[in-house]
Amino acid sequence: MLYRVMMLTAGLVAAALLAPAEGVAQNTSPGKWSPQVAIRGQDAVKERKPAPRRNINGMWNAQRLGNQSGGVQLKPNNGRPENALPYTPYGLELYKKHKPLEGLDSVSPAFNNDPRTKCEPLGFPRWNHYDVGVQIFQDEHKIAMLYNYDNRWRLIWTDGRSLPTVVDGGVEADGEFRDTRWFGYSVGKWLDDYTLEVVTVGIMPDDRAWLDNTGRPISEQARITERFRRIDSETLEWSETIDDPKIYTRPWETMKLPMTLQDSGIDQITRYCSPSEIERYNTTFGDAASGK
Amino acid sequence: MSRADAPVGTYMKKNMMIVVGLAVVLLSGAPLGAHHSGSTLFDENTSTLKGVVKDWLWSNPHCLLTIDVTGADGKAAQWVIEYQAPNSIYAGGYRRTSFKPGDTVTLAVHPVKNGRPYGRIVSSVLADGKELGDGLLRMPTAATP
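Those sequence lines, one after another, are chains E and S. Straight run, no breaks: the first sequence in my numbering ends on number 292. Straight run, no breaks: the second sequence in my numbering ends on number 437.
So here's chain S without its partners, still in its complex pose (with noise of 0.2 Å):
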C-alpha cells in the first residue's frame, strides 16, 4: 500500500480518533533500540493513530502489534507497529497481555518513511486506558562513583 492509498491521518476517524497530528519529536536523547535504529527507516514526525487490535507479537527481536485501521473515507488499513524485544521493553510496563485482539488502542508512533502503514512505537494507550511509552528504559543518570 503506498502512502497516497494510506496516508496517516486520514485514517483517523473523526469520531473515533484522538488527533493529535503530526508532531517532530527531536531524536536526540532518546535511547537507540536493541535491534536497529531505524534513523534509515522511520519518520522523525510521530503520528497518532486509533485501532482496533488483530495480532500481538510478543517475539524476538522485536514486539510486532498489528491493527485495523479505518479512515475517514471509511476504507480500512492494516498497520504493523514496531516495538523492541521483550526483555528490553518488559522494564517499561509490557508484557504478552498488553493486547488481544478485539481491544481499541491509541498509538503515537513513526512511520517509515516510504510511506506504507508501518511504524515505530512511540507511545500506547492501552484498552483500559493504561499508557505506556515505548518501554525503554531511560539512560542512567549517575556516572560510576
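With the rest of the complex left out, here is chain E (with noise of 0.2 Å):
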C-alpha cells in the first residue's frame, strides 16, 4: 500500500513538473523561420484591442525612431538652442573631451574614442538609445528585456523588493555594498494597470559609458526613471528621464518611443559587436576614408 501510495506521489509530481506552465504551453502548429527583421511599424497596425493588464510581453520596436544615433529622440544633438542640455561644469568639460562619430561636434572614424567602436558595452541608458528593438519577457517577480544591439539583456525586480541607495562607489542595496554595474540595478512598480514606472541607480562612472552616440556623458550619480505605458494591445509608449547631478542641472527627458508590437516569430539579424570586425572596417575603410 504504501509503495503504491509513494509511486502516485512521484507520478503526480512528475507529471506537475513536466506540464507547460500557464502561458508557455507550445503551439501545436509548427512556426517558420521567418522574417529576420522587425518592421512593423504603428501605420502597418489594421486591429487594434484593448491593453491587456500588466502585461508589456512582446517583441517591441519603434522603426528608425528607435535608432537615435544623432543624439537621443527628444534632444538630437544638432545644435539648436531648444535641444541644448543643461550641463554642469564638470558636465560640460567631460562632453568636451568625448570624440563621439555623431551629432554636433563629431569627428571622422579615424580620430573617435566611443567606447562603442571598440566594443565596450554601451551601458544603461545608452542601450535605450542605440538601434533599440527589444524583446521583454515578464513573470511575476521581474521583467526581462532582451536588447537587440550586441544581444544584451538586463533584469527589471518588480517583486517589491527597494531601490538601492547611491553611495560612493556603489549602491548599498538592503544593507549591503554592491559594486556600480553596465545595467544598474532597476526596480519597477505599477502605477496602475497599463504603466509600469522603472527607477534604475547603480550605472557605471562616467569614464566608462556614454549617455548617446553625440557623446553626451552620463555618470554613476545618475537616477533614471522609465515609464512603460501599455498604450493598447499593439503599442507601448517607453519615455525615459534623467536625474544625475553630477552632470546636468536638472532633471530632463530623453525619448517617448511609440513602440510597436512584432509578430512572435521574428528571428532577428544579429548585431553584435564584434572586435575583430571593428578592427576590419577600420582598415578597410574607416582609417583610409579619414585621411589616416
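It is worth saying that the hints were derived from the structure and are not from the lab. Certain hints may be false.
[To be verified] Far from chain S, by Cβ distances over 10 Å, these chain E residues were calculated:
id, residue
1, P52
2, N55
3, P109
4, E120
5, I136
6, T241
7, R271
8, E277
[Unchecked claim] Quick list of in silico lysine to aspartate or glutamate cross-link-like pairs, DMTMM-like style, CA-CA up to 20 Å:
id, chain 1, residue 1, chain 2, residue 2
9, S, K405, E, D105
10, S, K405, E, D287
11, S, K346, S, D420
12, S, K346, E, E277
13, E, K118, E, D207
14, E, K292, S, D335
15, S, K342, S, D360
Cβ coordinates follow ideal geometry from the N, Cα and C atoms, glycine included.
Grab the two chains, each in its own frame, and use the hints to assemble them into the complex.
Below, the structure is given as C-alpha cells:
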C-alpha cells in the first residue's frame, strides 16, 4: 500500500513538473524561420484591442525612431537652442573630451574615442538610445528585456524589493554594498494596470559609458526613470527621464518612443559588436577614408 | 590616392558610364546611420560610379562594397563604398547575395570630403537591373495614437 502511495505521489509530482506552465505551452502548429527584421510600424496596425492588464510582453520596435544615432530622441544633438542640455561645469568639460561619430561635434572614424567602437558595453541607459529593438519577457517577480544590439539583456525587479541607495563607488542594497554595473539596479512598480514605472541607479562611472552616440555624458550618480505605458494591444509607449546632478543641473526627458508590437515569430539578424569586425572595418574603410 | 588622382567623374567612361553628374542632395530628413551619421566625413554631393564588383563584405558595423572603376583615361581605381549594418539594410532589400565578384553595378554615393576613393551609398543598381536605395527604412509617419 505504502509503495502504491509513493508511486502515485511520485507520478503526480513528475506530471506537475513536466506539464507546461500557464502561458508557455507550445503551439501545436510548427513555426517558420522568418522574418529576420522587425519593421512593423504604427501605420501597419490594422486592429487594436484593449491593452492587456499589467503586461508588456512581446517583441517591440520603434523602427528608425529607435535608432537615435544623432542623439537621444527628444534632444538630438543638432545645435538647436531647444536641444541644448543643462550641463554642470563638470558635465560640459567631460562632454568636450568626448570625440563622437555623431552629432554636432562629430569627428571622422579614425579620430573618435567612443567606447562603442572598441566594442565596450554601451552601458545603461545608452542601450535604450541606440538601434533599439527589444524582446520583453515577464513573470510575477521580474521583467527581462533583451536588447537586439549586441544581444544584451537586463532584469527589472517587480517583486517589491527596495531601490538601492547610491553611495560612493556603488550602491547600498538592503544594507549591503554592491558595485556599480553596466545595467545598474532596476526596480519596477505598476502605477496602474497599464503603466509600469522603473527606476534605475548604480550605473557605471562616467569614464566607462556615454549617454548617447553624440558623446553626451552620464555618471554613476544618475537616477533613470522609465515609464512603460501599454496604450493598446499593439502599442507600448516607452519614456525616460534622467536625473544626474553630477552632469546636469536638472532632470530632463530623453525619449518617448512609440513601440509597435512585432510578429512573435521574428528571429532577428544579430547585431553583435565583434572586435575583429571593427578592426577590419577600420582597416578597409574607416581609417583610410578618414585620411589616417 | 588623392582627389587629383581619382576625381569622381573622370572615372566615368563615356561608353560605360551613366553620368548623372553631381547633384546636391540635402541630408535633412534622411535617416541617420546606425554607426555614424557621416556629416563630418561625407560630402553632401551625390556622385555616380559604374564599376565591377571586387568584394561585398556583409558585416557589422558596416557592409562594404569594393568596386573597380575605370576612368576615361583608362586608369583603374578601386573604390570602397559603405552601407549600413546588415540588420539595417536587410529591410531595404539588401542581402549577402546582392553582389558577387564580376558584377557590373552602378552606384550613387556621397564621396568622402577629402577626395579619397571612398563613399557612402545613396542607391544601387544591381547587376540584374534591380534598384535599391540606401537600405534604410523611412521614418514612421504615424505618431502614437
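Hints, one by one, checked against the model:
{"no.": "1", "hint": "P52", "result": "holds (16 Å)"}
{"no.": "2", "hint": "N55", "result": "holds (18 Å)"}
{"no.": "3", "hint": "P109", "result": "violated (6 Å)"}
{"no.": "4", "hint": "E120", "result": "holds (14 Å)"}
{"no.": "5", "hint": "I136", "result": "holds (18 Å)"}
{"no.": "6", "hint": "T241", "result": "holds (17 Å)"}
{"no.": "7", "hint": "R271", "result": "violated (5 Å)"}
{"no.": "8", "hint": "E277", "result": "violated (5 Å)"}
{"no.": "9", "hint": "S:K405 x E:D105", "result": "holds (17 Å)"}
{"no.": "10", "hint": "S:K405 x E:D287", "result": "holds (14 Å)"}
{"no.": "11", "hint": "S:K346 x S:D420", "result": "holds (17 Å)"}
{"no.": "12", "hint": "S:K346 x E:E277", "result": "holds (19 Å)"}
{"no.": "13", "hint": "E:K118 x E:D207", "result": "holds (14 Å)"}
{"no.": "14", "hint": "E:K292 x S:D335", "result": "holds (18 Å)"}
{"no.": "15", "hint": "S:K342 x S:D360", "result": "holds (9 Å)"}
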